[in-house]
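Colleague: Note that the protein sequences, when read in sequence, are chains C and B.
Per the numbering used here, residue 1 is the first one in the first sequence, and the count goes up by one each step.
Per the numbering used here, residue 1 is the first one in the second sequence, and the count goes up by one each step.
The set of hints was computed from the structure by calculation and includes no laboratory data.
You may find that some hints are simply not true.
Stated by the list, open to error - Only pairs whose alpha carbons sit at most 25 Å apart, straight line, appear in this in silico DSS-like list of lysine-lysine:
| hint | chain 1 | residue 1 | chain 2 | residue 2 |
| --- | --- | --- | --- | --- |
| 1 | C | K34 | B | K159 |
| 2 | B | K89 | C | K36 |
| 3 | C | K45 | B | K159 |
| 4 | B | K85 | B | K99 |
| 5 | C | K34 | C | K45 |
| 6 | C | K36 | B | K159 |
| 7 | B | K339 | C | K109 |
| 8 | C | K36 | B | K99 |
| 9 | B | K85 | C | K36 |
| 10 | B | K99 | B | K159 |
| 11 | B | K159 | B | K89 |
| 12 | B | K99 | C | K45 |
| 13 | C | K34 | B | K99 |
| 14 | B | K339 | C | K110 |
| 15 | C | K34 | B | K89 |
| 16 | B | K89 | B | K99 |
What the hints assert, rightly or not - Label pairs and their calculated CB-CB ranges:
| hint | chain 1 | residue 1 | chain 2 | residue 2 | range |
| --- | --- | --- | --- | --- | --- |
| 17 | B | A42 | C | N37 | 32 to 42 Å |
| 18 | C | G57 | B | V38 | 41 to 51 Å |
| 19 | B | I344 | C | I95 | 13 to 23 Å |
| 20 | C | G94 | B | L220 | 15 to 25 Å |
| 21 | B | E90 | C | A107 | 42 to 52 Å |
| 22 | B | G309 | C | L27 | 33 to 43 Å |
| 23 | C | L11 | B | F62 | 35 to 45 Å |
| 24 | B | F325 | C | A107 | 20 to 30 Å |
| 25 | B | R335 | C | I47 | 28 to 38 Å |
| 26 | C | V99 | B | V71 | 55 to 65 Å |
| 27 | C | V35 | B | F100 | 19 to 29 Å |
| 28 | B | E243 | C | A87 | 50 to 60 Å |
| 29 | B | L88 | C | P77 | 45 to 55 Å |
| 30 | B | V26 | C | V88 | 42 to 52 Å |
Unchecked claim - If the Cβ cut is set under 10 Å, some of the chain B residues that face chain C in the computed set are:
| hint | residue |
| --- | --- |
| 31 | L88 |
| 32 | P94 |
| 33 | V128 |
| 34 | V136 |
| 35 | S156 |
| 36 | T245 |
| 37 | M255 |
| 38 | K339 |
| 39 | L357 |
Idealized CB from N, CA, C, for every residue including glycine.
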Amino acid sequence: MDYFLIVPFTLLAALFVFGGLAASFLLAPHRPGKVKNSPYECGEKTIGTSWVQFNVGYYLFALMFLVFDVEAAFLYPWALVFREFGAVALIEAGIFILVLIAGFIYAWKKGALEWV
Amino acid sequence: MTGITENIWQAKTVAQRAAEALPESVWFALGYMVLGVVGVAAFIAVLGMGLIYAERKIAGHFQCRLGPMRVGWHGIFQTVADTLKLLLKEDVVPAQADKFLHILAPLFTLLGTILVLAVLPMSPIVHVSDVNIGVVYVGAVSGFGVLGILLGGWSSNNKWSLLGAMRAGAQIISYEISATLALLVVVLFSGTLRLSEIVESQAAGWWIWRAHGVGIVAFLLFFIASLAEINRTPFDIPEGESELTAGFHTEYSGMRFAFFFLAEFINMFIVAALTATLFLGGWMPFHIGDFAGFNAIMDMIPPGLWFTGKTAFLVFLIMWFRWTFPRLRVDQLMRLEWKVLLPIGFANLIAAAVVVLFNFYFFPVR
Chain C
1 MDYFLIVPFT LLAALFVFGG LAASFLLAPH RPGKVKNSPY ECGEKTIGTS
51 WVQFNVGYYL FALMFLVFDV EAAFLYPWAL VFREFGAVAL IEAGIFILVL
101 IAGFIYAWKK GALEWV
Chain B
1 MTGITENIWQ AKTVAQRAAE ALPESVWFAL GYMVLGVVGV AAFIAVLGMG
51 LIYAERKIAG HFQCRLGPMR VGWHGIFQTV ADTLKLLLKE DVVPAQADKF
101 LHILAPLFTL LGTILVLAVL PMSPIVHVSD VNIGVVYVGA VSGFGVLGIL
151 LGGWSSNNKW SLLGAMRAGA QIISYEISAT LALLVVVLFS GTLRLSEIVE
201 SQAAGWWIWR AHGVGIVAFL LFFIASLAEI NRTPFDIPEG ESELTAGFHT
251 EYSGMRFAFF FLAEFINMFI VAALTATLFL GGWMPFHIGD FAGFNAIMDM
301 IPPGLWFTGK TAFLVFLIMW FRWTFPRLRV DQLMRLEWKV LLPIGFANLI
351 AAAVVVLFNF YFFPVR
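The task is simple: from the sequences and hints, build the whole structure.
Modeller: Set out below in structure tokens:
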């Protein structure tokens, strides 16, 4: 039952968005124009498309994020049962985190954490 | 648990009530569910407008102005008027935009906030659904928010939007790590992922002060990282009015702009409420170990009021920050996360594990 309630809540979000859109579709004016529908660039004429290749730095941070987020996913069950295992759990997680920190220091030294 | 902590509140969620009613009558069960959904819908509408009004009033008074004063008593209906105005505004979709994704983006952003509200324990009875992996669930569904921002910024086919969306993506995923590391500290302390049980585990004292400093560090980490995740000042680079016009929602107008705006303010409430739940005891009154007399006096204030008070205080703090701290530059922002908060987060997690191992709290659990 706890999880089932998530379904109506998803529908609620959809209702909010599409209800609001329908209401504004019925109430708001529709007067599209060539200039009005052009991308907003503070009055300048747009040059080219915006769908371009972006800075590789973003991918680098995404990769780093992936490593640490998967690590966090592993640590959730560890944190949950920590009391039952005690010192063994602390040592094992300590080794796990140390390995990660070694990689983290390597990335730091390589300059992967600099914003370019 | 210490002596005083028997459950005197009889916490019960709407989902539990529905499940209990189900064998007798399907309609009662459905009624409870409709009550929960409609309640949250009304709550979102009222809260969104209230928070926007509060933000404008507080901003005004911080700057020695009065803020909105014209519509209703002290401008109390200003946000209602603004919402009506947005409803009547033309909804412009740029000609070169990806129309389907452009219309879909606010749905994802709003979905992330509404699904979190479904599991927040606001008081022993005002609590819709108590999923057994609440903490993970909150992290998972709030991830929809960044999806909406990225989709909205990319599909607009506008350079400001794209820049804002990419910055938002990098910022939100980076700070997610620190927030998770701080969350893990609370999971370690309370030994559960259920939000209601995390609240009940603080019956002998809130986690912020019970763990000899570790709790305070985790609280600060979580609060800072969460502020960055919801793009509030001083981390509002994705919107940065003075550099990116409006960031990812530059091309949004009318009702769909209103949804982004609404999601942003509800997110502010969610961050405050979550921080209060995890570190300040949620609806749990201020208890000190087994000082029964003191605790009994504190219990006289109803739990719902405790939750409201803590959350309101944190929301005020977030609004205060906006008029106190200047915006960070994008490289400063990434440096703060990866070179400052992340190492502190790891050290704090290990320290928390040691604290739990030796049961070294004020008023130990066992």
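Colleague: A separate judgement is required for each hint: does it hold in the structure or not?
Modeller: Now the hints, each set against the structure:
Pair hint K34 (chain C) plus K159 (chain B) holds up; C-alpha atoms about 19 Å apart against a cutoff of 25 Å. About 14 Å separates the Cα atoms of K89 (chain B) and K36 (chain C), which keeps this hinted pair within 25 Å; it holds. With a CA separation close to 12 Å, the supplied pair K45 (chain C) and K159 (chain B) stays within the 25 Å bound. Restraint check for K85 (chain B) and K99 (chain B): the C-alpha separation of about 24 Å stays at or below 25 Å, so the hint holds.
A hinted pair counts as satisfied when its Cα atoms are at most 25 Å apart, and K34 (chain C) with K45 (chain C) qualifies at roughly 12 Å. At roughly 16 Å between alpha-carbon atoms, K36 (chain C) and K159 (chain B) fall within 25 Å of each other, so this suggested pair holds. Of the pairs offered as hints, the one joining K339 (chain B) and K109 (chain C) holds, with about 12 Å between alpha carbons and a cut-off of 25 Å not exceeded. Using a Cα cut-off of 25 Å, the hinted pair K36 (chain C) and K99 (chain B) holds, with the two alpha carbons roughly 15 Å apart.
For the hint linking K85 (chain B) to K36 (chain C), the alpha-carbon distance of about 19 Å falls within 25 Å, and the restraint holds. For the hint pairing K99 (chain B) with K159 (chain B), the CA-to-CA distance comes to about 17 Å; that is within 25 Å, so the pair holds. Our distance criterion of 25 Å between C-alpha atoms is met by K159 (chain B) and K89 (chain B), whose separation comes to about 24 Å. Restraint check for K99 (chain B) and K45 (chain C): the C-alpha separation of about 21 Å stays at or below 25 Å, so the hint holds.
The hinted pair formed by K34 (chain C) and K99 (chain B) meets the criterion: a straight-line CA distance of about 16 Å does not exceed 25 Å. For the hint pairing K339 (chain B) with K110 (chain C), the CA-to-CA distance comes to about 14 Å; that is within 25 Å, so the pair holds. This hinted pair checks out: K34 (chain C) and K89 (chain B) have alpha carbons roughly 18 Å apart, not beyond 25 Å. At roughly 18 Å between alpha-carbon atoms, K89 (chain B) and K99 (chain B) fall within 25 Å of each other, so this suggested pair holds.
The hint said 32 to 42 Å for the Cβ distance between A42 (chain B) and N37 (chain C), and at roughly 36 Å that hint holds. Distance hint check: the CB atoms of G57 (chain C) and V38 (chain B) are about 46 Å apart, consistent with the given range 41 to 51 Å. Our hint of 13 to 23 Å for I344 (chain B) and I95 (chain C) holds, since their Cβ atoms are close to 21 Å apart. Taking 15 to 25 Å as the suggested C-beta distance range, the pair G94 (chain C) and L220 (chain B) conforms, at roughly 23 Å.
Taking 42 to 52 Å as the suggested C-beta distance range, the pair E90 (chain B) and A107 (chain C) conforms, at roughly 48 Å. Our hint of 33 to 43 Å for G309 (chain B) and L27 (chain C) holds, since their Cβ atoms are close to 39 Å apart. Range check, L11 (chain C) to F62 (chain B): Cβ separation about 40 Å, and the 35 to 45 Å hint holds. The beta-carbon spacing between F325 (chain B) and A107 (chain C), approximately 29 Å, falls within the hinted interval of 20 to 30 Å.
Between R335 (chain B) and I47 (chain C) the beta carbon distance is about 32 Å. The supplied range of 28 to 38 Å therefore holds. Taking 55 to 65 Å as the suggested C-beta distance range, the pair V99 (chain C) and V71 (chain B) conforms, at roughly 60 Å. The supplied range of 19 to 29 Å is met by V35 (chain C) and F100 (chain B), whose beta-carbon atoms lie about 24 Å from each other. Our hint of 50 to 60 Å for E243 (chain B) and A87 (chain C) holds, since their Cβ atoms are close to 51 Å apart.
Checked against the hint of 45 to 55 Å, the pair L88 (chain B) and P77 (chain C) passes, with Cβ atoms roughly 51 Å apart. Here the CB-CB span from V26 (chain B) to V88 (chain C) is close to 49 Å, well matched to the stated 42 to 52 Å. Interface restraint check for L88 (chain B): the shortest CB-CB distance to chain C comes to about 5 Å, inside 10 Å, so the restraint holds. Hint on P94 (chain B) holds. Least Cβ distance to chain C is approximately 5 Å, under the 10 Å limit.
Against a cut-off of 10 Å between C-beta atoms, the interface hint on V128 (chain B) holds, since the closest Cβ of chain C lies about 6 Å away. Hint status for V136 (chain B): holds, given a least beta-carbon distance of 6 Å to chain C, under 10 Å. At about 7 Å, the closest approach between the beta carbon of S156 (chain B) and any beta carbon in chain C falls short of 10 Å, and the interface hint on this residue holds. Hint on T245 (chain B) holds. Least Cβ distance to chain C is approximately 7 Å, under the 10 Å limit.
The interface hint given for M255 (chain B) holds, since its Cβ lies 4 Å from the closest Cβ of chain C, which is under the 10 Å cut-off. Using the Cβ-Cβ criterion of 10 Å, the hint placing K339 (chain B) at the interface with chain C is satisfied: the shortest such distance is roughly 6 Å. A cut of 10 Å between beta carbons decides the hint on L357 (chain B): the least distance to chain C is about 6 Å, and the hint holds.
Hint compliance for this structure: no hint is broken.
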